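In case you want the letters, here they are:
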Amino acid sequence: MLKGYLAIVLHAHLPYVRHPEHADFLEEDWLFEAITETYIPFIKILDGFVRDGVDYRLTISLSPTLMSMLMDGHLQGKYLAHLDKLIELSEKEIERTKWDERFNKLANMYHANFIEARHIFKDIYHSNLVNAFKHFQDVGGLEVITCCATHGFLPLMEVERRIAVRAQVKVAADMYEKIFGKRPIGIWLPECGYNPGDDEILKKEGIKYFFVDTHGVLFGTPRPRFGVFSPYLTKHGVAVFGRDTESSKAVWSAVEGYPGDYNYREFYRDIGFDLDHEYIRPYINADGTRVMTGIKYHRITGITNHKEPYIPDNARDTAANQAANFMFNREKQVEHLAGQMGDRMPIIVAPYDAELFGHWWYEGPQWIDFLVRKIRYDQDTIALTTPGEYLKKYKKYQILTPSFSSWGYKGYCEVWLEGSNDWLYRHLHKMVERMVELASAHKNSKGLIQRALNQMARELLLAQSSDWAFIMKTGSHVTYAVERTRAHIENFNELYEDVKNNNLEEEYLKGIEEKNNIFPDIDYSIYSS
Amino acid sequence: MAVEKPVLRDRKTFRFPQGYGDNKIVLLVRDPWWIFAYWEIQKAKEDDIVRKISDSGDEREKSILRVYDVTGVNFNGHNAIAYFDIELNGPASTWYINVTSPDRSWVVDIGILTKKGSFYLLARSNAVHTPRFGMSDVLDAEWAMPEDEYWKMFGLSGGFGVGKGSLEVREMLKKRLEEQITSGAVSSSASFYRKSAARKFWLVVNTELIVYGATEPDARVTVQGKVVELKPDGTFSLRFALPDGEQVIPVEGVSNDGIDCIKITPIVTRKTE
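From first to last, the protein sequence lines are chains H and G. Counting along the first sequence from 1, when you hit position 506 you're at 506 in my numbering, and nothing is skipped either side. Counting along the second sequence from 1, when you hit position 217 you're at 217 in my numbering, and nothing is skipped either side.
To be clear, the hints were calculated from the coordinates, so they are not data collected in a lab. Note that the structure is predicted; figures quoted are calculated from it, not measured. Each hint should be verified, as a subset may be incorrect.
[Said to hold, decoys possible] Below, simulated BS3-like cross-link-like pairs (lysine-lysine); rule was C-alpha separation at most 27 Å, straight line: (1) G:271 x H:92; (2) H:92 x G:231; (3) H:98 x G:226; (4) H:249 x G:174.
[Claimed, not checked] FRET-style restraints, in silico, Cβ to Cβ: (5) H:511 x G:87: 42 to 52 Å; (6) H:162 x G:44: 24 to 34 Å; (7) G:229 x H:304: 33 to 43 Å; (8) H:178 x G:206: 47 to 57 Å.
Quick reminder that beta carbons are idealized off the backbone N, C-alpha and C, glycines included.
The task is simple: from the sequences and hints, build the whole structure.
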């Protein structure tokens, strides 16, 4: 008997990294790795559900920066070139490992995966994977939602908050509408960062729901009747879903989390680091720096530095068992809740970073595949749903003001506001202030001024990406994050001075427009007060 | 004829501006217990105030942040519930302020305290409100239920089971927030949290074998039965990962006319101890 619902929500996001000025740019690999290891495997399992007639429900948020990169011709071309190199490398690997069956099987597996990825990317979706997500939403089963324009962390947008937040939301919702033909029903707030009052802005943009972390609901006002097991409506009538703790821990926890199983593929052992430099040189960074290639031959093995060869069949069995375990625990969870929920059935909301699945946790897509099929065929206590679908089930929801919160370490803003990155905010705030000043002073401008103001809006949004502050904190690629921030602040302030002094140079503006070409339809008037 | 590019204005190498010429202070909420302030005060503004102080027959003592608890108050500079001061030493322009109790509103003034105890304002911040850390006392009549039922839902939501009291659950939730159950990772740029071995030291040794040779450029060569592509000069080179055990590697060359055939079979053994 059906006793409750499970909503799996994947948040797919990468910062906007596009450098046509370099043939080979290290940070562009973030996108390429995610396409091969996460987005394409995910598309493959969705395709499997459709092919096999599996009735499923999954939710994915696609950040506007990620969608912009997926739709960008330059990056699409670079991705194919990247993939061709991998295909070439995997061919060499098949030869090189001929005498060792353990590795030879794996080399063949990677080769087949890369060839298939190329086919899916190029032949089926014509190099634009956004088409794939649109397709699965159109045929039903997948609910695609949006995220803020550049993944700006909203709780720290203290200066001109309403305008700054509105721009992040509106640019995202407009872009979504242009691609998917309707307003986004839901939004993933970057890092689950919520500041009470931002719900009014979501409402105005036509958004029906968002998510907060567990304590965002539990510490909400008034006291929440259903814990995180029901959505609530904010004062402005937007639904809010709280993250379930148990299902999060099952995946994320370093101690108990599924991805740490010893049968699973070891992320940190990659042939980019393992093999002889001369041999691997054409497939690593252009300057000879070793980087990951994505070809990895070992399994986690244990809490040891010695790693055994990876055995895909064993890993697959583990993924199946863990999917069964996850399902069983959710069944128990809703059974526990029976009798506590009044007139309604509970919903368990389990959000994860999409890139965890496949990129970090290689078997993650398989785990989702098993989980969805098991839920459909092996039991009838829980059913998959999407937030949008669940909201139609009941007419009344308790009114709640969620608490200021995020899903970052310690639950608030500390990740993005600490010694390594707190210097950012005086600049970001000043940019917003200046943007509002000029947008309000130059209403309905045309020509060069209009172009300059639009570009200033792009630079501001790009500078606001929470990724830069995050990278500064975590400590790798820091130089890149600082340089990106610096460049956006510089471009913005140069244009600000030029507009103020009526001193614009078209050639200079054009250079910046070509470099930071995100959001071609942006209209700076979103910043006018 | 080459098209002449317009000459662009020489733009100075840009650096982060030290400041923007403002006199202001801005507050951000970090978490229920901490707020963050950054500020910028022009020297002229400070000199002006110092002059005023000495005109009034007083003297500058120190620069301070005055932190006002303005919870439930429409703050006008004089009606705060309480305040405390933080002395500023040196050229600070940011400060993390521990406000200890959550769910309160705060405003911070930056200014100068005089020897006689007067406070001269340089700039006043925006007001911020820190979040409550704990369940609300406000009950919604329509959705009300017995106290222990709330705690039960709270415990189930937080994944700590049922039957825990308010203090206990709050501590558990605090602990849970300190566990890393998100990555926020930007692809390869950050590492996925995992238990690592007690000692960091490690050593990996592998062996590869290069089989290479040369013959007439138009000959046909097979290695272990597989045809090898010759370079234009008739050389070839193959690279193999060499596992433990014996490898028998028959190499056969056949002349273009099919008349001559040479077979050479290296045998290689690897043994790891």
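Hint by hint, here is what the structure shows:
no.: 1; hint: G:271 x H:92; verdict: 25 Å, holds
no.: 2; hint: H:92 x G:231; verdict: 17 Å, holds
no.: 3; hint: H:98 x G:226; verdict: 12 Å, holds
no.: 4; hint: H:249 x G:174; verdict: 15 Å, holds
no.: 5; hint: H:511 x G:87: 42 to 52 Å; verdict: 48 Å, holds
no.: 6; hint: H:162 x G:44: 24 to 34 Å; verdict: 32 Å, holds
no.: 7; hint: G:229 x H:304: 33 to 43 Å; verdict: 41 Å, holds
no.: 8; hint: H:178 x G:206: 47 to 57 Å; verdict: 52 Å, holds
Taken one by one, the earlier hints all hold for this structure without exception.
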